[in-house]
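2 protein chains.
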Amino acid sequence: MRKVKTGIVMMNLGGPATLEDVEPFLLQLFADREIINLPFQSWLGPFIARRRAPKVRELYKAIGGGSPILRHTNAQGQGLVERLDRLSPKTAPHGFYVAFRYVKPTSDDALRAMAAAGVERAVAFSQYPQFSCCTTGSSLNEMWRALERTGLRGSFQWSLIDRWAVHDGFITAMTNTVRVGLERFPRESRDRVLLLFSAHSLPLHIIERGDAYPQEVGASVQRVIEALGAPNPYLLAYQSEVGPVRWLGPSTERVIRKLGEKGHKNVLVVPIAFTSDHIETLSELDREYGEVAHQVGITNFHRVPALNDRPDFLDALADIAREHLASARACSTQYPMRCPGCLNAACRQLPQPGANAPGPSPATAPAAAANG
Amino acid sequence: MRKVKTGIVMMNLGGPATLEDVEPFLLQLFADREIINLPFQSWLGPFIARRRAPKVRELYKAIGGGSPILRHTNAQGQGLVERLDRLSPKTAPHGFYVAFRYVKPTSDDALRAMAAAGVERAVAFSQYPQFSCCTTGSSLNEMWRALERTGLRGSFQWSLIDRWAVHDGFITAMTNTVRVGLERFPRESRDRVLLLFSAHSLPLHIIERGDAYPQEVGASVQRVIEALGAPNPYLLAYQSEVGPVRWLGPSTERVIRKLGEKGHKNVLVVPIAFTSDHIETLSELDREYGEVAHQVGITNFHRVPALNDRPDFLDALADIAREHLASARACSTQYPMRCPGCLNAACRQLPQPGANAPGPSPATAPAAAANG
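Quick mapping for you: the protein sequence lines, in order, are chains A and B. So the number in the working numbering is just where the residue sits in the first sequence, counting from 1, plus 360. So the number in the working numbering is just where the residue sits in the second sequence, counting from 1, plus 360.
Quick caveat, the hints were computed from the structure, so don't treat them as lab data. Check each hint, because a few of them may be wrong.
Intra- or inter-copy, both count: the list cannot distinguish identical chains.
[Said to hold, decoys possible] EDC-like, lysine to aspartate or glutamate: derived pairs with alpha carbons at most 20 angstroms apart: (1) K464 x E508; (2) K415 x E442; (3) K365 x E548; (4) K622 x E394; (5) K421 x E644; (6) K363 x E621; (7) K622 x D679; (8) K618 x E568; (9) K618 x E394; (10) K618 x E442; (11) K421 x D468; (12) K415 x E508; (13) K622 x E568; (14) K450 x E383; (15) K415 x E383; (16) K363 x D381.
Starting from the given sequences, assemble the full structure and let the hints guide the process.
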């Protein structure tokens with residue numbers, strides 16, 4: 361087995377690879393107190409998860425029997441480390457390790473694999489471009505718990521790539537997918553196609569805690585529009601709201617209905633906060649919202665291709681990691697600052713920061729962040 | 361009287377110049393159905409306005425007896441047209457005309473003054489960098505109604521500067537105010553000062569209509585942070601919510617309380633969506649929230665100076681107008697697109713676009729926008 365010097369941990373919430381994984385996936389999701397707060401959660405969480413499972417299984421069945429996200433993440437990791445070995449020989453050899461939040465391979469799996477490969481330096485690389493406590497935050501906190509569980513706390517020197525909402529490479533790759541998507545429209549109407557940027561929504565109570573997500577999503581949208589340099593009108597909406605609480609709007613589905621009512625005929629959906637195809641693109645955007653669009657008379661309704669393993673996106677991932685490895689930053693300056701309304705005192709840790717010198721706002725524990 | 365070729369209309373909601381103007385200002389505000397929808401509005405609006413007037417008068421009394429916004433807008437207009445006469449001789453001479461939404465000088469006043477000066481070409485220049493239907497949208501719709509009221513519909517060729525959230529000059533000027541603000545903190549803690557960007561909030565039902573505002577505010581914040589190039593942590597919050605409906609959060613006031621509870625000592629507030637001092641900066645941010653900050657132990661709490669008549673901001677305004685005059689655009693490509701949830705069929709008009717050739721998305725009436 362090849363000794364690996366630098367381990368890149370590809371962090372994502374993940375998705376069920378098979379229909380049998382759907383219920384365990386939902387059980388984990390509804391147990392995550394960083395995302396969902398229910399009364400009697402240890403009882404009500406499993407109850408809701410089990411009740412939703414059959415319906416969700418049907419959705420996964422319709423997109424081929426499971427989430428393709430592990431396949432895409434493996435392809436992204438492989439493309440990333442191949443490029444990094446060339447771009448950053450000082451930190452080579454690089455290996456990649458997938459850490460999903462709710463399904464295998466878990467953070468524990470990634471840590472054990474890194475230990476077995478002799479990794480010295482670990483880079484936790486969130487695969488969500490825009491930071492939210494519900495995605496990147498939850499994955500990182502789980503990783504720090506896994507360090508304790510596995511007894512591997514002292515084994516690696518850590519640094520984080522916790523957000524990259526406006527990184528040039530990401531914006532270029534995303535803009536290229538918009539160009540590909542626009543080619544599906546007749547040339548004469550291409551400049552008038554409405555670009556509907558869609559990001560996963562968040563419950564308002566999380567927005568009100570001070571989550572960075574909507575600001576960073578807004579910045580990504582602006583940058584793609586500028587890079588595109590085309591006259592298309594655009595909107596930002598939020599998808600996938602579920603349950604009884606109020607979510608950040610406008611709702612993508614409702615926006616599609618209203619656009620149809622107003623006579624729009626050409627709409628291109630741009631999933632701005634996802635990097636791989638999964639249930640929210642393949643099922644919700646393409647099937648559910650595609651059906652809504654058809655009903656309301658949007659004759660040309662398309663979605664841009666997901667970044668998946670597109671070479672320009674692999675180049676972007678490698679560039680983000682190379683810049684990070686060459687920098688003196690242990691994490692972004694935003695990471696150490698807990699949300700103003702955060703109640704989780706264990707949030708925003710960075711155990712054993714190293715390899716990189718500490719960054720300019722190097723608080724490694726919540727207490728330090730509070731001195732800002 | 362000098363003949364003016366190009367009239368720049370400085371559009372803003374405005375504020376009461378004297379204590380006597382407070383009640384009429386509130387009456388106009390609560391009558392604006394583009395912002396406020398009340399049952400029995402023609403009765404309930406005046407009722408609420410009259411009930412709030414005494415309290416609001418006290419606030420204006422405390423900041424010197426009225427809003428300074430007309431003074432600042434006049435200084436901005438003067439600085440703008442002086443620069444434009446040099447920068448854009450082809451469209452000179454330029455004149456500026458203030459059009460406030462709820463107080464004098466109104467859109468009617470601006471139109472009559474432009475007609476008297478022989479203006480041929482009118483540029484409606486929103487003084488709000490980020491577009492919202494509640495600010496720029498309401499002001500423009502009022503201007504089109506005023507054109508009918510005054511019988512001056514055929515008198516000018518119109519174009520619009522309806523948003524400039526990420527214009528380089530604006531970002532530079534705003535970033536310079538952040539640098540000035542940071543100088544009020546001890547040098548050794550300057551890099552750790554938390555930058556609290558604050559924008560006026562909007563009711564969620566307006567966000568859910570598809571208002572562009574939060575996306576554009578998020579983009580402005582990102583650009584200022586990048587231009588600053590300093591390691592300060594930052595947050596975006598929304599201020600000035602009032603009444604029983606739910607507003608976009610996180611609330612600036614609540615964020616300040618929570619930051620204090622978390623032990624933050626150094627906070628610099630950056631009003632990212634205002635360009636002049638007025639009640640929301642002088643009273644709400646400086647006095648009310650300053651008192652809150654004091655209560656919760658934020659020992660160093662400051663606000664950056666407003667852009668007002670800072671020369672770099674006057675340069676920015678002139679640059680925005682010069683670019684617009686030199687371009688072939690009648691308005692932004694976003695303007696002709698009504699919000700998906702909009703119920704006002706008269707929204708997003710552009711009467712008699714001209715001087716500039718029509719832009720690439722030149723819909724001049726709602727019907728045309730719907731063909732996108």
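Against the structure, the hints:
| no. | hint | result |
| --- | --- | --- |
| 1 | K464 x E508 | within (18 angstroms within a copy, 66 angstroms between copies) |
| 2 | K415 x E442 | neither (40 angstroms within a copy, 66 angstroms between copies) |
| 3 | K365 x E548 | neither (53 angstroms within a copy, 37 angstroms between copies) |
| 4 | K622 x E394 | between (39 angstroms within a copy, 19 angstroms between copies) |
| 5 | K421 x E644 | within (13 angstroms within a copy, 54 angstroms between copies) |
| 6 | K363 x E621 | neither (60 angstroms within a copy, 47 angstroms between copies) |
| 7 | K622 x D679 | neither (42 angstroms within a copy, 36 angstroms between copies) |
| 8 | K618 x E568 | between (27 angstroms within a copy, 11 angstroms between copies) |
| 9 | K618 x E394 | between (33 angstroms within a copy, 18 angstroms between copies) |
| 10 | K618 x E442 | neither (46 angstroms within a copy, 45 angstroms between copies) |
| 11 | K421 x D468 | neither (28 angstroms within a copy, 62 angstroms between copies) |
| 12 | K415 x E508 | neither (36 angstroms within a copy, 56 angstroms between copies) |
| 13 | K622 x E568 | between (32 angstroms within a copy, 16 angstroms between copies) |
| 14 | K450 x E383 | neither (43 angstroms within a copy, 69 angstroms between copies) |
| 15 | K415 x E383 | within (10 angstroms within a copy, 57 angstroms between copies) |
| 16 | K363 x D381 | neither (32 angstroms within a copy, 76 angstroms between copies) |
Hints 2, 3, 6, 7, 10, 11, 12, 14 and 16 from the earlier list are contradicted by this structure; the remaining hints agree with it.
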